[in-house]
Structure formats: structure tokens, C-alpha cells
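J.: Protein chains in written order, with the numbering used here: chain Y, 1 to 124; chain Z, 125 to 370.
Calculated from the structure, these hints are not laboratory results. Wrong hints could be hidden among the right ones.
[To be verified] Think about it this way: if two alpha-carbon atoms lie no more than 30 angstroms apart in a straight line, the pair counts; the simulated DSSO-like pairs of lysine-lysine are: (1) Y:Lys-54 with Z:Lys-350; (2) Y:Lys-68 with Z:Lys-242; (3) Z:Lys-225 with Z:Lys-242; (4) Z:Lys-155 with Y:Lys-14.
[As the list claims (entries may be wrong)] Covered stretches of chain Z, going by a simulated chain Y footprint (3 or more residues, C-beta under 8 angstroms): (5) 176 to 182; (6) 196 to 205; (7) 304 to 313; (8) 353 to 362.
Values in this document were obtained by computation on a predicted structure and should not be read as measured data. Backbone N, C-alpha and C fix where the C-beta goes; we use that ideal spot for every residue, glycine too.
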Amino acid sequence: MEYIDNIPIYLQIKDILYRKIISNEYELGSQLPSVRQLAVQFSANSNTVQKALKEMTEEDVIIPQRGKGNYVTEDDAIVNKLKDHIVTEMFDTTYDKLHSLNMNDTEITNSFSEYVKQREDNHE
Amino acid sequence: MSKVLEINNLRYKKNNKLILNNINLDLETGKIIGLLGANGAGKTTLMRLIAGVNSRTSGKITVSGVDSKAAIKSCVSMTYSLKSFKSLAGGGWSKRSDRVKDVIKFYLEVYPDFSLEKYQQMAKFLTIDNNQKIEALSTGGQEKLMIALTLARQVSLYLLDEPLNGVDIMTRKKIIKSIIQWKSDDSTIIISSHYVTEIASLLDDVVIIKDQTVNQVISVEEIQTKYRLGVEDYYEKIYEGGLKDE
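Throw the hints in and build the complete structure from the sequences for me.
T.: Shown next, in the form of C-alpha cells:
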């Protein structure tokens with residue numbers, strides 16, 4: 001695992017797990033690996049993984065079941081909200097960066113459409 | 125949370141030279157602690173004092189509530205250089221005791237808390253060949269064996285002294301994973317390493333040794349949130365002459 005060294009690791013782990021849930025690698029209602037398995041997978045301290053899971057529980061994205069571990073919520077509204085949140089975050093950074101290049105909203109929209117079109121062409 | 129280690133006013137002199145002075149340190153059970161300090165700062169010495177291998181000049185060390193040197197030895201498991209087995213075996217490897225399995229036998233005889241089952245699990249994960257000759261082991265091979273032997277003892281405190289030194293990156297990653305996999309929740313690990321960034325994700329807290337004493341104890345998360353630094357940058361700033369509080 002490569003971490004950004006000045007951002008708390010539990011936040012980075014939470015982010016990775018959220019992306020896996022959004023991309024359906026961890027499906028709605030499915031069981032997450034155990035804390036120990038996640039810790040080994042992420043090369044991180046178990047306490048750190050626990051902390052990430054605790055916040056995910058508080059945000060209702062996962063549900064702990066006594067003695068059985070953690071399960072992804074079955075409520076797709078929660079996951080969709082999560083997705084919107086992450087997408088907005090990504091757009092925030094990009095939008096701010098483009099703005100700082102003195103681009104106005106129309107230019108940003110146009111250049112993004114142009115970009116998507118180019119990517120599609122490259123795919124064909 | 126209960127304390128696994130308490131050190132009060134520890135002082136250590138060697139040949140009349142002060143090595144460690146005024147060491148005070150309390151550690152809670154269950155954590156993984158990074159012990160950081162420049163070469164010669166006294167990290168190994170501190171570990172050896174905790175393990176009861178070296179004798180302190182003055183002060184008090186308590187591990188899991190016990191403070192006699194003999195009792196502490198059964199609560200602490202520390203990595204040693206495999207070369208020290210050579211002297212334990214009587215000055216040289218005899219033909220009958222020069223293989224990995226002979227060192228395992230030694231551990232089984234000397235430490236009643238040594239779990240062969242746990243060792244074998246780790247040996248499998250780390251691909252250690254128990255039939256190999258000790259002298260034929262690479263540095264990485266020696267460190268893997270030492271980690272497996274040390275963690276296979278079932279104690280409350282583990283001291284891992286530079287377990288990644290001279291080890292290639294793939295093996296370093298494997299050793300880190302094995303520490304996570306086989307650390308029981310109620311045990312505590314103190315680890316010293318120059319690969320600060322590589323072990324940062326493993327650590328709860330760091331203890332920084334500077335100027336013969338504990339300069340500070342701080343959680344990795346606090347370094348990241350309060351100072352917005354990585355552990356290595358923070359550690360370097362401390363050594364360069366301190367960091368102003370916000």
C-alpha cells in the first residue's frame with residue numbers, strides 16, 4: 001500500500017473502502033473481510049482499520065452484526081449519496097484548478113465535453 | 125486501558141559514559157509503537173534494558189505489572205542477532221546444530237511460551253525452510269526467521285530491533301504483513317526502523333529518542349492532523365532542532 005504520508009491513514013482506508021462499495025466490488029448487503037484481513041491487505045494497524053470501520057458505521061454505510069462482522073448496507077440510497085459526495089469532491093478540485101487558470105464556466109464545460117469526446121474517440 | 129510498560133527515571137551508563145538519562149515512558153497495552161532516533165541514540169540499548177539483557181544504572185522498569193529482571197524476561201520477547209546463537213551453542217555451530225530447525229529446538233527448550241504452531245504458520249507465510257543451514261541464510265532470510273521466532277513466543281511485549289535492515293523491499297512488505305497478521309490484540313509491539321515511512325501505517329504512536337532521553341511520545345494521527353506532516357518529515361524536524369507548537 002502506498003499512502004499519502006501526511007493524511008491520517010484511517011481516512012485513506014475509508015476512502016478506498018467507499019470506492020470499492022460504490023464500484024460494487026463490495027456489493028450491497030455483502031460481508032466485509034474481517035478487521036485482521038483488511039489490516040493485512042492494507043498493511044495497516046488493526047486499530048487504524050477499526051477507526052475507519054467505526055466512522056463507516058456511524059455514516060450508516062456498513063452495519064456491524066454481532067459476532068459476524070461488518071456488512072455493507074442494503075440501502076442503495078446511502079451508496080448513491082456516497083457516490084454523489086465523492087464525485088462532487090473530485091469535481092471540486094478539478095473545477096478550482098481550472099478556475100485558477102482563468103477559465104470561465106462556459107470554457108470549462110466546453111473543454112470538458114471536448115475532453116470526453118476525445119477519450120471516446122481514443123477508445124474506438 | 126492497562127499499562128504494559130512503565131519506565132521511571134531510567135539511567136544507563138557504560139564505561140562511565142552516560143548513554144540514556146532520565147527516561148520516563150508509559151505505554152498502553154495493545155499498540156504498535158515506533159521507536160525512532162539517530163544511530164547511536166540508544167534505541168537498541170533501551171530495548172535491551174527493557175528486555176533485561178542489559179542492567180540499568182538506576183531507575184525502574186515495570187512490564188505488565190512486574191519489575192524483577194527474571195519475571196520481566198518471561199513477559200518480553202526481543203529479536204536478537206542469529207550470531208548470538210553461535211556463542212550460546214558453545215562458540216561455533218556444531219555439525220548437529222547448524223540448521224533452522226536446531227534454533228527452533230533451542231527456542232522450544234528455553235521458552236515455555238514458544239508456540240510451535242504459531243511459528244509454523246509464520247514460517248509458511250514467510251517461506252522459511254526449516255532444514256536450511258543458518259549460515260546459508262541471506263540477511264532477509266535471517267530477519268524473517270528472527271521475526272517468526274520472536275512473535276511465536278506468547279508474551280505481552282515484543283521488541284523488534286531494526287527487523288527490516290538490509291532486507292529487500294518484497295521481504296520488507298512480507299515482514300510488515302506478518303507482524304499485522306500475527307500480533308494478538310492484547311499484546312504490544314515496539315519496533316525500531318530506519319524505514320520510517322514504510323512502517324508508518326503500522327504504528328499507533330512514535331517515541332522519539334534524542335539527547336539521551338525520550339524527546340516525545342506522539343500519535344501518528346496527531347502528527348498528520350495537527351502538524352500536517354508525515355512521520356518521517358516530523359521526525360527530521362524534531363532532530364533539526366524542534367518544531368514550534370501551533
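J.: Work down the list of hints and note, for each, if the structure agrees.
T.: Now the hints, each set against the structure:
The hinted pair formed by Lys-54 (chain Y) and Lys-350 (chain Z) meets the criterion: a straight-line CA distance of about 21 angstroms does not exceed 30 angstroms. A distance of roughly 24 angstroms separates the Cα atoms of Lys-68 (chain Y) and Lys-242 (chain Z); the hinted pair therefore holds under the 30 angstroms criterion. For the proposed pair Lys-225 (chain Z) and Lys-242 (chain Z), the alpha carbon gap of about 15 angstroms is at most 30 angstroms, so the pair holds. Distance check on the hinted pair: Lys-155 (chain Z) and Lys-14 (chain Y) sit about 20 angstroms apart at the alpha-carbon level, within 30 angstroms; holds.
Residues of the stretch 176 to 182 of chain Z with a Cβ under 8 angstroms from some Cβ of chain Y number 0, which does not satisfy the need for three, so the listed coverage is violated. Counting residues of the stretch 196 to 205 of chain Z whose beta carbon lies closer than 8 angstroms to any beta carbon of chain Y gives 0, which falls below the threshold of three, so the coverage claim is violated. With a cut-off of 8 angstroms between beta carbons, the stretch 304 to 313 of chain Z has 4 residues touching chain Y; three or more are needed, and the interface restraint holds. Interface restraint, the stretch 353 to 362 of chain Z with chain Y: holds (5 residues with C-beta to C-beta distance below 8 angstroms; minimum three).
Comparing the model with each numbered hint stated earlier shows that hints 5, 6 do not hold.
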